[in-house]
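Undergrad: Protein sequence lines, in the order shown, are assigned to chains B and H. Counted the way the numbering used here counts, the first sequence spans residues 5 to 292. Counted the way the numbering used here counts, the second sequence spans residues 3 to 300.
Hints are computed from structural coordinates only; laboratory data are not their basis. All residues carry an ideal CB built from backbone N, CA and C; glycine is no exception. Be a bit skeptical, because a hint or two may be false.
Within a straight-line C-alpha distance of at most 25 Å, the following computed DMTMM-like cross-link-like pairs (lysine to aspartate or glutamate) qualify [claimed, not checked]:
1) H:Lys112 <-> H:Glu101
2) B:Lys229 <-> B:Glu59
3) H:Lys67 <-> H:Glu259
4) B:Lys229 <-> B:Glu99
5) B:Lys229 <-> H:Glu259
6) H:Lys112 <-> B:Glu164
Calculated from the model, a selection of chain H residues having no Cβ within reach of chain B, i.e. all distances over 12 Å [what the hints assert, rightly or not]:
7) Glu52
8) Ala63
9) Glu64
10) Leu71
11) Leu78
12) Leu131
13) Ala139
14) Pro163
15) Arg204
16) Gly216
17) Val234
18) Arg293
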Amino acid sequence: MKGTQSMHRPQKLGPRATQAAAFAALWAAAALVLLPVAAILGVMFVRGGRAISWEMLSSAEDGLLPAIVGTVTLVALTAVIAAPLGIAAAVYLREYAPRGPLVRLIRLAIVNLAGVPSVVYGLFGLAVFVTLLGFGRCLLAGACTLALLALPLVITASEEALRQVPERLRAASFALGATRWQTVRRIVLPNALPGIITGLILSVGRAAGETAPILFTAAFIALTKPFPSSVLDPIEALPFRLYYMATEAHGITEDAKWATAAVLVGLVLTINLVAVITRARLRGARRW
Amino acid sequence: MNTGARRVREWLIERAIQAAGAMAIVFVLAIFAFLLRDALPVFRETTVRELAAGRTWLPTAEPPKLGLLPLLLGSLYVTIGALLISVPLGVACAAFISEVAPRWMRETLKPAVEVLATIPSVVFGFLGLLLVGPWLAELLDLDVPLFAGLGSLMLAFMAMPMIVSLSEDAIRAVPMTLRENSLALGATQWQTIWRVVLPAGRSGIIAAALLGMGRAIGETMTVLMVTGNAAVIPLGLQGFLRPVRTMTATIAAEMGETAYNTPHYHALFAIGLLLFIITFAANTIADVVVRRSSRTSR
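Here chain B stands alone, though its shape is the one from the complex (with noise of 0.2 Å):
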């Protein structure tokens, strides 16, 4: 396309012929941004899914049970760890801290937190939990790690959570004579309850896809005991184990391995797509 500007200006295109030119770019960018990517993932679902057996999904020896069972184990102790620590931390930076310089301290340590890479909270753990602590490479160790990466994540979720709590109803709180706590406890947590659980259900679905921290602090393959009997027993995860199989086993069909990969992404999304359901549902019951 020619701007009639060109005419006269050869080596230069019209305003009209650069904005069309530039526009067709900012599409084909994003395409390029997510075509790719969409196409490898569908690609993985569909060869993994055609691998899919219910044999391979439930079978403790060969199969990914334990995998799925560790996982989801890691993944509920990551919450109970982190959701208390993160809400109160919320909680404190929206309804009690003063503006000033502790609280912008706070906040310039929750954005290095979400900053630290995960194999150095992995090395964190090791130190800390693993040998300091004496919990060993387990199953708690791995959930405290995981938790730590999870916080500054609950934090800006449960904080965004109080920060849509309208004004009004905690100045009406207050004018009937109640205490701040009385009106944390009793008008903001259950108004932002929704958000919260949202953004404490997709925090954790990060923590349910890491590797790196649980390298080190928890996963294992299992060859002799598949399931944990207690916290302090390592587990396996499915990150590890697609990590495992893609890297270092021997004698692992390409089949098992694309299978292991489309159940982890398969078992992300659904986390994710339990807190999309989650907030409808609960926002749909409150009406302010």
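Following the hints, complete the assembly by docking chain H onto the known chain B.
TA: Only chain H this time, still in chain B's reference frame:
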């Protein structure tokens, strides 16, 4: 409950909430302290000079050779490559979403980018290892299907959601009056985006790139699986097509088999400390840049 008991109870609860609030600071300091504690003994074996300039990483040799240069350059190659792909593409995508895309398209693109962010890094590594690597190796006629550029490519797509959404925030924060003034002066929509909107949002975009860098340099599983893990010093543009080994991959691959309190163990913690310092700097600078710009624009 009488008022006195309630007051005590509330006081306790509120102190607990306060403590939880300060927890983030405690954790950042604790991570730093423990990395430092387990990293410092490495200087019984080696010097800062050897760590920073040593060209050989042979931690299990006798005596161990603990040169971090190949690992540092490996991380640098993979990260710079990733940013060269993801920053232009991500900013373009963000500009598209907020300025150009029709409404229905915006409503589809944003969740799609969010879904992209949920894919675990080990899955990207897996797809690079089994699908993209062999395919690219054939296309480019390479000897090995695992190389630095493959890591860059996979990381670029992993960092993309963060770069797109932060740049979009930055672009959206540009006041509408600037756009209106530009259009009223006769500029086209594209001229407005290119000369007015993007420059006005540049600090947010720079912050997005910095955070993307922190993300890319700290990414572990993907690079461990797709960059070939050869601790050699990459050279020139060809370096992108050869195997490298990053700092994160070294920790992930070796810590499992390293005995407690050996020079090797301490060297791996030293790498962790270095990674922590790099990402801390990137995040703090990004935070300062964003804060300063939001203050001036008000």
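Undergrad: Should the label of Arg293 of chain H as a non-interface residue stand, given a Cβ cut-off of 12 Å to chain B?
TA: Violated, because the least Cβ-Cβ distance between Arg293 of chain H and chain B comes to about 9 Å, which does not exceed 12 Å.
Undergrad: Are all C-beta atoms of chain B more than 12 Å from that of Pro163 of chain H?
TA: About 9 Å separates Pro163 of chain H from the closest Cβ of chain B, which leaves it inside 12 Å; violated.
Undergrad: Against chain B, does Val234 of chain H keep a CB gap of more than 12 Å to every residue?
TA: Nearest chain B Cβ is 20 Å from Val234 of chain H, so the label holds.
Undergrad: Verify that the Cβ of Leu78 of chain H lies farther than 12 Å from every Cβ atom of chain B, and report whether the claim holds or is violated.
TA: About 15 Å separates Leu78 of chain H from the closest Cβ of chain B, which puts it past 12 Å; holds.
Undergrad: Just to be careful, I want the Cα atoms of Lys112 of chain H and Glu164 of chain B compared with a cutoff of 25 Å; is the pair within it?
TA: 19 Å, holds
Undergrad: Does Glu101 of chain H sit within 25 Å of Lys112 of chain H, going by the straight-line distance between their CA atoms?
TA: This hinted pair holds, its Cα atoms lying about 13 Å apart.
Undergrad: Against chain B, does Gly216 of chain H keep a CB gap of more than 12 Å to every residue?
TA: 5 Å, violated
Undergrad: Does the alpha-carbon distance linking Lys229 of chain B and Glu99 of chain B stay inside the 25 Å limit?
TA: Status violated; Cα separation ~47 Å.
Undergrad: Does Leu71 of chain H clear chain B by more than 12 Å, comparing its Cβ with all Cβ atoms of that chain?
TA: 20 Å, holds
Undergrad: Just want to verify: Ala139 of chain H was marked as not at the interface with chain B; is every Cβ pair farther apart than 12 Å?
TA: 16 Å, holds
Undergrad: Between the alpha carbons of Lys229 of chain B and Glu259 of chain H, is the straight-line distance 25 Å or under?
TA: 21 Å, holds
Undergrad: Hey, does Ala63 of chain H actually stay past 12 Å from chain B on C-beta?
TA: 22 Å, holds
Consistency note: the structure conflicts with the earlier hints numbered 4, 12, 14, 16 and 18.
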